Structures are given as C-alpha cells and as structure tokens.
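Here the protein sequences line up with chains A and B, keeping their order. Anchor point for the first sequence: position 625 equals 625 in my numbering, and the numbering is continuous, going up by one each time. Anchor point for the second sequence: position 175 equals 175 in my numbering, and the numbering is continuous, going up by one each time.
Keep in mind that the hints were calculated from the coordinates and are not lab data. Quantities reported herein were computed from a predicted structural model and do not represent experimental measurements. Yeah, the Cβ is synthetic: ideal placement off N, Cα and C, and Gly gets one too. Incorrect hints may appear among the rest.
What the hints assert, rightly or not - Under 8 Å between C-beta atoms, here's a sample of chain B residues computed to sit facing chain A:
1. LYS170
2. LEU174
3. LEU177
4. MET181
5. VAL222
6. PHE223
7. ALA226
8. VAL288
9. VAL292
10. TYR300
11. ILE303
12. MET381
13. LEU384
14. VAL430
The residues making up each chain are set out below.
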Amino acid sequence: MPVAIVLLPLLGAIVAGALAFIDPGSRAAKARIDKLAQAVTCGALLISMVLAIITFNSVAINGQTQTITILNWISSGELEINWGLKLDTLSAVMMLVVTVVSAMVHIYSIGYMHHDPSIPRFMAYLNLFTFFMLVLVTADNLVQLFLGWEGVGLSSYLLIGFWYDRPSANAAAIKAFLVNRVGDFGFMLGILGVFVLFGTVQLDPILAGAAEHADTVLNLFGGEAHALTVICILLFIGAMGKSAQIGLHTWLPDAMEGPTPVSALIHAATMVTAGIFMVARLSPLFEQSDIALSVVTIIGASTAIFAATVGCVQNDIKRVIAYSTCSQLGYMFFACGVSAYGAGIFHLMTHAFFKALLFLGAGSVIHAMSDEQDMRKMGGLWRMIPVTYALMWIGSLALAGIWPFAGYYSKDIILEAAYGAETGVGQYAFWLGVAAAFLTAFYSWRLLLMTFHGKPRADEPVLARVHESPMVMLVPLFVLATGALVAGFIGYDAFVGHESGAFWNGAITVLPGHPALERAHESPTWVKLAPLAVGLAGIATAYVMYFLKPDLPGRVAAAFPRVYRFVLNKWYFDELYNAIFVRPAFVIGRSLWKGGDGAVIDGVGPDGIATATMGIAQAVRRVQSGYIYHYAFAMLIGILVLVSWYVLRSV
Amino acid sequence: MPTAEFPNLFPALPEIFLLVAAMALLMFGVFRKDDEAGPARVRCSRIVARLCILALLCALILVVTMNGSDRVTTFNGMFVVDRFAVYFKVLILISSALSILIAQDYLEVHRVARFEFPVLVVLASVGMMLMVSANDLMALYLGLEMQSLSLYIIASFQRDDQRSVEAGLKYFVLSALASGMLLYGSSLIYGFTGTTSFDAMAGALAAAPGEAVSLGALIGIVFILAGLAFKISAVPFHMWTPDVYEGAPTPVTAFFAVAPKLAAIALLLRVMMEPFGALTVQWQQVIVFISVASMALGAYAAIGQSNIKRLMAYSSIGHVGYALIGLAVGNEAGVRGVLIYMAIYLFMNIGAFTCILSMRRRGQMVVGINDLAGVSKSNPMLALALAIFMFSLAGIPPLAGFFGKLYIFLAAVQAGYFTLAIIGVLTSVVGAFYYIRIVKVMYFDEAEEVLDRRMDRPTALVMAATGILIAIFFIIPDPLLSQAQAAAQSLFGG
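Given only the sequences and the hints, what does the whole structure look like? Please build it.
Right, dumping it as structure tokens:
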C-alpha cells in the first residue's frame, strides 16, 4: 500500500504526459483530453491521499514503523543502495501533508487553469512533482533521498517555467535551478562525507551509528575538523538551497512566475520544506554537533527576520506571501536548531495548510482580477468576493499566530523552545522570532487591507469582471481552511505535547543535553503571551497605517528613505550576487568565448587548419605544372634525397 | 654437358593460356572483315571484348583450381606460384574483366570501339600476372615491361583526342625513366650479391648478419623501390598520375587505377619481404617516408580539384599511402592488412568509376564535380551508389573502406607504429572532406542542367554489384579475411 501511494502519482504523470503529446485536432477533442488528464491525475492523487491517511493511522497513531525494500538499485563494492520505503512517524506526517495539499491543489487547478492551452502537461508536471516529493520523504537511504530531492527540483524548474513563452518565467526557472545547484553541491558532498564516515548510505545504520562517531575527526585540506560538524554543515547548505534560507533564498520570490497553484504546492507547502524534513530526518547526526545546530539556528532566525522585513514593502500579492514563506521556513529551521525538531515539523504541517490556503486564496483574487497581481491596483474587493475574503482572513489569522488558529500553537511552541534552549543563539532566535512575528502580522494585514479594503483602484473593465471563484476552486480552500483552523490544537499534544515521545516513536532523536522542548512548557507566562501580543500589535499597526491613515506608509518611507530602499530592494541580495557571481561569470565566459575559443582554439584549430589545408592544396596544385621535365625532375630529386639519406647516414 | 631440362609449364598454365587466347583473339580481329568505323567494326569489338572477358574468367578458374597450397617454382626458379600470387592474380583478373565490361559502352559512344582494346587489356593482365609471380629480377623486369607496353597504348587509345595522346606520351616517357631506375637498381643488386634470383639474394643478404649492410646494395634497393613506387604512383614518383588519369579515356583510367596498382603492390611486397626481408630495418625508413608523403599529398592535393578524374588520381595516391603503412610495419599482420586493403580498394574504385562513366549530359561525358549537382533528384540510384563509394573511400563505417583502413591501422598500432597510424587517421580526416564534398554536391546543390538518366546495362550491373559488396562487407567479411590471412602467411614461408 505505501508503494502504491508513491507510484500512483508517477502513473498519473506518465498517462497525462502521454496525453500532452496528442494533437487533439478539434476543440471538443481537446476538451475531452483535458478532462481525461485531469481525471487521471486528480484520481491518482485522491487515492494516494486516502491511502496516505490510512498509512498515517497505522504508522504514526498505532506505531507500526517499517522499512520496505523494493529493489536493489546499485551494488558496487561497499556501496549498496536499494529502492526502499522507510515508514516512520516523520515520513507518515510528510506523506499526509504532501498528499493532502497536493490533492487540494490538483482539484483547485482544474478551475484555475481551465483556460490554459496545455492542461495535460501541467497536470503531468504536478503529478510528477508529487511522485518525487513522496520518494524524497519515504527514502530509506540518502541516495534515494537525493534522487527525490533533484526530482522535485526538476519539477519545480518545469513548473516555474511552465509558461515558457514568457522570458521572465524562463529566467526565474533557470535561476531557481542554478541557485539550488549551489545547495545541492553541498548536499552531495555531505552524502559523500556520510559514506566516508559510515561506509553506507542506508539511513537506518547511519542514524543508529551516529553516536559512535561523535568524536571522529576528519582530515580536511591538511587540517583537522570534527567530522559530523563538517558533514552536517554541508548537508545544511543543501537544505538552505532547497528551503530558500538567507543567502540562497533569491530564487524563491522569482519562482512566483509559475502558476499560482504551483506556488501553493511547491513553493509554500511541500518542496521548500524538504530542507526541514532532511534536518529532522538526520537529527541524530545534527544532535552530535553543537556548532552545526548553532549555524542552523542563526541562519533560520536571520532568515525569519530578513524575509519578514522585505515582505512588508512588497506590492506583488504573491511576492508578499513568498517572503512570508521564506520567513516561516526560518522559524522551522531555528526550531530544529534548538533541537525542537517536533516543533519544526509541527509548524511545517500547520504552515502547509495555512500557506497553501493563502496562496490559493491569492490565486482566487488574481483569478477574479483578470490576472492582476499588484496590490496597488486592487482594493475594495471584499464585497465582491466575500468567500475568498473570509478564507484569506482565516489564513492570515493562522499565519499571524492568533488563538485558536493553527499558527498560534506551532509558532508559540517554537518561540518558547528557542527561549527554553537557554543558550546565546537561542536568545538570538527568540528575540528575532518575536520581532518577525510582529512583522508577520503587519504584512498579513497590510495584504488584507490593500487587497480587500479601501477604494477600488482597478480599471473599470477589470472591476466589472470581478467574480467569485467556482466551487471547484473553493472546495479545496475550505478543506485547507479547516486544516488551518484545527490542525493546531489537534496536533499539539502529539507533535510537541506530553504524547510526543510515543508519537514520534524514535523517528527523531534529541540528546538529553538539549532539553529545549521540555523547558518550553515551563517558560514564563510573558514568553507564552509574547507572540500573541506582538501579533495583535502588528495587526493594529497595519490597521492604523493602511486603514485609518492611508497616507502614513508614504510618510514613513519618506522619513527613512535609505532604510526603505534597502528593504524594498530586498537587502540588495540580487544586486550583490549579480556583482560578485553573475557579471564576473559573464565576463569570464565572454573572454573565454571570444579570446579562448574564438581566437585561440578556432583560430589555431578548426579554422586555422581549414585555412592551412586550403593553402597546402593550392601549393600542391601549383607544383603540378603539366610539364614532363618537371615531373622527371621531381622523380630525380626524390631518388636523390632517398639515396643521400643512406649515404649520409653510413658515413 | 647436361642439356637444359625442359621447364615445368604447369604452374604457369593460366598465363600461357591467356597469352595464347590473346594471340588468337588478335588474329581473329585482324582477319575479320573491317569497314573502317562502321557497324562491323563495333560488332567485332563487342565479340572480342566478350571473348576476352571469357578468357579472363577461364584464366581465373585455372588460377584457382591449379592452386595447391604449396609454393611451386619453375623456369629455373624464376617463376613462383604460392597463395600470395594466387590472391593477387584473382584480384587482377577480376579487375581486368570488370574494366573491359564497363569500357565497351564508352568506347562505342566515343567511336573508338576497336577490338585491340580488350586484347591489350588481356596482354597487360598477363604482364601483371608475371609480375606477381616473378621470383627473379629478370622475370620482374619482363613482366613489368610487358604490362607497361600495353598500358602506354591504351592510355592513348583515343588517338584523335590530344589529351589522351598526351597522357600516353607522358606515361611512356616517365615510365621509361622509372624503368631505367629499376634496371640500374637491379644491376647494383646483382653486382653486390652476384645473383638475380630472389631466393639466392635472400640467402646472400641474410648470410652475414654481423657485418654492416653494404651501402651499394642499399642504394640498389632504393632504386628498385623508386621504380616500383612509380608504378603505384607513390610520392614523390606520383607526378604523372593526375595528368594521365585525367587525359586517358575514363575506362582506361579505371583500369589504371586498379589492376597495375595491384600488380605493383604485389611485386613490391614480394621484393621487400622475400629477397630484402633481412634488410627490413633499412628499407623501412624509405617506405615510411613514401607512405606519409603519399597520404598527405593524396589528402591535401585532392581538395583543390574540380575534375573528378583528377580527384580520383589523388585519391589513389592517398590510398597507396595507406596500403604502404602495412608494408612499413613489415610483419605478417601488416601484409595481411595490405592484402585486405587492396581487395577492398579494387571494388571501391571500379564502383566509383562506373559512376563517373555514367556521368553524361546530352550523350557527352562530363567530369566536373559540379556537374554532379542535383543528381540525387535526377538519378537517385546513381547518387546513392556514388555516395556509398565516396563514404567508403573516406573510410566511414560500416562500409568496406573503413575495414580496409582498420586492419592497416590495427597492424600499425599493434607493432607500435603509433605515429604512422595517427598520421593515417589525420589524413583520412582531411581526405574525408573532399569525398564528402561530392556527396554534398549531389544531394544539396541545385543543378542548372541535369545529367542524363541513361546508363548502359553492364555498367549499371557492375555499379550495383560493387555497391552492394561494399555496403554488406561488414556482414560477411570472413572469406576475404581468411584468404588474405593465408596469402600473407605464404609470403612469410608459413
């Protein structure tokens, strides 16, 4: 059954992919093909989802963890790699989240993409993505995990560039791919390091043997380094790329070029959380290295605050949510960094629901506004699309961490755990996290107010066509909204509360020296209330600035022009990378092309040889004069040379 | 005083038969009623041509059936028959027969269809067979001259055509010079070894391994080599080739390009391996030089050509260069490579010339490469056949030409002659340019005026047969490989 969960989406992808190649001929035939592709892919995903729920029940609730080996994949010397499924609570949770969100996004896409010309291709990509994501989360060895990791990267690339006739979409797709390569390189080195250290890439022996290698030292470039620290940091670089952490985050906002359901599924709910999953999966390794954990915490917390500040000034509705995602991923990482992996995964799950909800809601708004994404051209929509409006409220409340929505529970426990870690980096994470929580609430309500309230700023023809989305788009939103409402208090006890030990059932390892999560429950009352308070404060600030005094934002921006520009330009990361990497790469490439390849290799090589050949050919022709005495002379010269060769040699 | 024993004629039976047949056909032609350029003369030439082909085939059967696997000598050791000789005689007879077959139509079109042509080809073939079987410097020279005398005449066979006469004359004068060199070399060798017999010579040269090889003998070898290099048109004795190929009537060129080369290569192999085998290290350097120079010149000079016959001349120079790699290697594998190469070369060249013979526009022969433009549309079969031959000549797998080169290069690499093999491969690349250019002209250039579709039946048949042989050689290479192996072994006394 777990095998079917993974393989059904692949089957759907193959069928829909094949359908994408059929030339329909007529419009009616095209409609039929589109319908078929939608039915196959959605059907596969829904069955997969039901099976995943059943599996979740047996694995996570009833504790039947198992490892299924399907096939031997690579067998070479010491290296043994199998195709296998590792089913424990962690993978069961991930499977549940992935299949549920994915199924909702599939159904939503039927409505959202209905006038797109290449529906089968889109559905095939979505299914393919889901397949790779499931391979990733169920992998029982690092290589298979890497396969899924690259596979989701590929699907992400294909889907960001889905509208391949837009240059910006292609650029974004390439950017996403390249930035991820940087991370993937670290990940690969990490896998190699693991193999060097453990002699295997199978997860079970690695996780079991981590403690033995707690003090192993690795010789690197003449120096010595703590092996697990090196490996964990390398692996974390991979996670940073995939999960868009500060430094390697630049691709995520650009990835919004893809269709909105893609943003919801891949760039909010599932793929970008692969990094958190990986860190949690390898928690026994990370636990052995305090340095690596500190790095994870600092990077996570910095991302949380950085992305939140940028999110406050963006005007594109999807980009705001994208930065929000980036920021929330930072929360999850610093939860892991303070050894509160359960809290990180908990937030991963609740975030999947409410962020998918927000994205799909934003998609609904965009759909209503005839593909307009700029919030400055929206406003006053709440009467026209009330259902979407209500759903966006739910999503925002959850994101801002207001009781009793899901985000309240998960974000609260993360901040408490950071406080409870009682370390310097823990405090760093806690305070930045609180600040980010304020900003989160602020930009959420800024989004709500700019989009739905105030005077309508759109053009007349656009406004005339504003309409509520069809049921096929709203039903998935209701499902996700339910998740955003209830996932928090349902999951709290299991994920991070007093049942968590039984729930995780060994899927996550926390050393006794890292008691952040236990202490979290005993943290002072003000710590418990702080997130909620700053959340409310953020909402209030947004109300003041965007509802009561709409001219205030402009005045603030004018008062601090440098800060404003710094934040508006996303802390100049893109410009920095352009200056350091992109432009020098172009310069080097151009000089190698023009100078190295063109002048030297072509000049001396193909072109030069060709020219020389023609020259020699001409010379030889001229020698061939047609006169007998020339020919006889050549023969005599020939024999003279040959004879003198021997005569001179023998002297 | 012992009387001279009557020599055993039996091993030379094919040659004797062919000679008698040639005389008889000559008589037949001479005494037949002649009407000076009328239909009777054409009819006569046709009959003689067919009978000549028949005679060649009979000789072929004789050669094959009389062949014991042993080495037999006769005429006081001047004439030798072994597997090596049989191999080359078969190839020579095939190429002569094919040449007569494809020549007839051309000769008739150009109003030079005379019965002497096939008879001369047969006589040349007898000379070549004698060359192949020569086991003495005297026999060598006799065979060579017999062959050459016939060739001088057929080169200028189109005697109203200035270019044809010029070709014959050039060939005659330069060939005489080459023969002079050969004779001078022979006398030097005789002077230093005291014998003209190959067997005795080998003994004399191998007898004193400790002593330094006498310089006189070496120079003699160089002169003999020069004379033979002229016959196979190896650089720097190649200069006659393009002019003669261009000027001579096309079927004569086809004959020139194949049969005399086979005979001369055979002779060269035998002379270098048998009597001079002990001096391999010495003559190797000359062969390497000639081989490299021929490959390079063949590759580069052909590029500038616009006449396809001249192009084939340079092509043949290049191919001789490749074949000489096998000789330069100087071992059994190398000789085997040469044998395979020459057999494949025969069919590629005859095939390519059938295509050239079919290039006609309004009944007239054309030989410009650009005249081939658009042939792929006007005459697709011709285009396909010529493309196969060109790709094969260029050595593109899986065609036969590739395997010819493969065995040569393989032998060179196995014996450690990497430089030779690398130069060979590089010049093949250059050579591929002009072969494939022809294919490009045929398939991608637009024609101003297309070629005739007409092809006479024998030519078309030969074209089809050689084309198929070249194309499917890789499926059934074994007969050729095993024969070549046996022939090479016999040369090394195995």
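Proposed interface contact between B:TYR300 and chain A, which counts if any beta carbon pair is under 8 Å: Check passed: Cβ of B:TYR300 comes within 4 Å of chain A, closer than 8 Å.
Per-residue hint verdict: B:LYS170, partner chain A, C-beta under 8 Å: holds, 6 Å
Restraint satisfaction for B:VAL222 [CB to CB of chain A, less than 8 Å]: holds, 5 Å
B:ILE303 as an interface hint toward chain A, with CB separation required under 8 Å: holds, 4 Å
Interface restraint verdict for B:ALA226 against chain A (beta-carbon cut-off 8 Å): holds, 5 Å
Minimum beta-carbon distance criterion (8 Å), B:LEU384 to chain A: violated, 28 Å
Agreement of hint B:MET381 with chain A interface, Cβ distance less than 8 Å: Violated, about 31 Å.
Restraint outcome when B:VAL288 is required to lie within 8 Å of chain A by C-beta distance: Interface hint status for B:VAL288: violated (12 Å vs cutoff 8 Å).
Satisfaction of the B:VAL292 interface hint, Cβ to chain A closer than 8 Å: Since chain A brings no Cβ nearer than about 13 Å to B:VAL292, farther than 8 Å, the hint is violated.
Chain A contact restraint for B:LEU177 - C-beta distance below 8 Å: holds, 6 Å
Agreement of hint B:VAL430 with chain A interface, Cβ distance less than 8 Å: holds, 6 Å
Chain A contact restraint for B:MET181 - C-beta distance below 8 Å: Since the shortest Cβ distance to chain A is 6 Å, the answer is holds.
Violation of the numbered hints given earlier is confined to hints 8, 9, 12 and 13; the remaining hints are satisfied by the structure.
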